[in-house]
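So the protein lines, in turn, are chains A and B.
Mapped onto this note's numbering, the consecutive letters of the first sequence carry residue numbers 57 to 302.
Mapped onto this note's numbering, the consecutive letters of the second sequence carry residue numbers 2 to 257.
One should not assume that every hint holds.
[Unchecked claim] Straight line, CA to CA, 30 Å or less: simulated DSSO-like cross-link-like pairs of lysine-lysine:
# : chain 1 : residue 1 : chain 2 : residue 2
1 : A       : K235      : B       : K154
2 : B       : K62       : A       : K162
3 : B       : K154      : A       : K159
4 : A       : K187      : B       : K173
5 : B       : K154      : A       : K112
6 : A       : K169      : B       : K180
7 : B       : K173      : A       : K183
8 : B       : K154      : A       : K95
9 : B       : K29       : A       : K132
[Said to hold, decoys possible] Heads up, incomplete: computed chain B residues facing chain A, CB under 10 Å, no partners named:
#  : residue
10 : E158
11 : N161
12 : S167
Derived from the structure by calculation, the hints contain no laboratory data.
We put the beta carbon where it would ideally sit given N, CA and C, even for glycine.
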Amino acid sequence: MTNQLLDIQNLSKAFEDEHILTQTSFFLQESKTLSILGKSGSGKTTLLKIIAGLEKQDNGTILLENNDITTLSAHKRNIVYLYQDALLFPHLNVFENIAFGLKLRKINAQEVKNRVTKMLYDLELQKHIHKMPTQLSGGQRQRVSFGRALIIQPKILLLDEPFGALDVDTRKQMQRLCKETLKQYKITTLFVTHDLKEALIMGDQIGKMQSGVLKTFKNKEEFLNDPSTGIKEEIEFWKNIHANEE
Amino acid sequence: MIRKALIPVFMLMVTFPIALLLLLSFGKSWVYPNIFPDQFTLQHWNDIYQINSELLMVTLKSIGISLGVSSVVTLLSFFSSKHISYSVYKSRWLFLAYIPYVFSPVILAATLQFYFTFVDVSGTFFGVILAQLFITYPFGVLIFSNFWNPRIKAIAELSNTLGGNSWITFYKVVLPLSKGVLLLCFFQVFLISWFEYGLTALIGVGKIKTLTLSVFQYIQEANIFLAALASCLLIIPPMILLYLNKRFIFTNQQTI
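Sequences are here, hints too, so could you generate the full structure?
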């Protein structure tokens, strides 16, 4: 039995006359990943930014472990928001980037060193410890960004299409590594993507965002059988291609 | 091959006027049509070090004005440019920042003169600094408007979600990233202020003399030796800035 960690109640947001989020409600279970699918402009990023405290909602409540964090500043929430771009601090090397959050928490130097070394090992980055961000590949930068977030053991990790800028092979590797590491560190995650396959691979639970409304599915079966997800059309498409080739 | 040959020519074109000015600053008498002065002396340079030396006072005053203007503009425009760059009315504000350059600084000074006289700051040290702010502040805003881009905003937000409050994010993330552009703005504004003539002459109403004004004055008086000396003093700070610029900004950009 898992606990309900995040409870979103009736979140709404509009920019001038445009409604971005409309009465969005859902909850997130501890140590689980909720994949949110949606097209560009469907309100996914706004939802994540509101949960992170980087954007203010017009209405609604955010409960984290039953505490109301609706008006709490971003730096006090312990919710990390990662962008598609790794956004490593360009003036810091790999070690310093990963250690950033720990140093802010005034953890002693030896402990920082031990934890960063372990994280580098878990993310297969040991060889790159002293490199600057410009000396890393796209996948390596994304892993450093991931490690920098995980090491502070956030209550929730918000991933906004984190592998969108990577090539197919690196993307696959990152999905595997990310899934394993999230499981190992027991991190509760909201994973936003527009890639159907990625949503299925990464999520324990799936949701679909459409025109500012989030619909969550009880399980993957329900998601696969729902005509609004478009997944049946996708399966038919690949079946037809296969049939035509034969 | 041509490039190699052009480098010494270019070097000569740059160094010759400086060398000539330096030579003239040691001159004592010069008669047409001689190229170089007949006699040389250290007296002009020695005079600078006298406590009552007018040129020393003018130099110090010029340094004071330029340092004051560049420090205020760098600080003020750094923070205000952030709000302008992230404002929904960004293009409107940036359009306003170009207005002082659409008018020339002299016309701007003529417009300001009335108000400056009215509040009695015309012909004062403070008045000249204030007047120069009118043209250099928008310049600073324009320099920083490229720095405050969505990427910097996202990096700062990321630092926030990692646990950094506004001050820590500024001190540990934004400041190190902005070091280059801060120095660039400071140097550029210092140079604008240092070589500013028309606006300073009008607002200073002859009471505030800067080194640039003195060079023109000595030239008008046909005092070529003092004009050369003042010119030498005038180019020393820009040369130091050029060196610092190369040493720090360029190195910084290489690292980042």
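- Message: K187(A) and K173(B) were given as a pair; does the straight-line alpha-carbon distance stay at or below 30 Å?
- Response: Holds, because 19 Å separates the two Cα atoms, which is no more than 30 Å.
- Is the hinted pair K169(A) and K180(B) satisfied, with a Cα-Cα distance of at most 30 Å? holds, 28 Å
- Item | Supplied contact hint for N161(B), tested at 10 Å Cβ to chain A | holds, 4 Å
- Is the hinted pair K62(B) and K162(A) satisfied, with a Cα-Cα distance of at most 30 Å? violated, 46 Å
- Given the hint that K154(B) pairs with K112(A), does the C-alpha gap stay at or below 30 Å? holds, 16 Å
- Is the straight-line distance between the alpha-carbon of K173(B) and that of K183(A) 30 Å or less? Distance ~26 Å between K173(B) and K183(A) Cα, so the pair holds.
- Message: Does the closest beta carbon of chain A sit nearer than 10 Å to the beta carbon of S167(B)?
- Response: holds, 8 Å
- Holds or violated: K235(A) to K154(B), with C-alpha atoms at most 30 Å apart: Holds. K235(A) to K154(B) sits at ~28 Å (cutoff 30 Å).
- Starting from K154(B), check that the Cα of K95(A) is at most 30 Å away, please. holds, 24 Å
- Task: Go through the hint on E158(B) and say holds or violated, using the shortest Cβ distance to chain A against 10 Å.
- Result: holds, 5 Å
- Is K154(B) within 30 Å of K159(A), Cα to Cα? Answer holds: K154(B) to K159(A) is near 21 Å, not above 30 Å.
- Message: Hint check: K29(B) vs K132(A), CA-CA at most 30 Å. Holds or violated?
- Response: violated, 72 Å
The structure fails hints 2, 9 (numbered hints given earlier, in ascending order).
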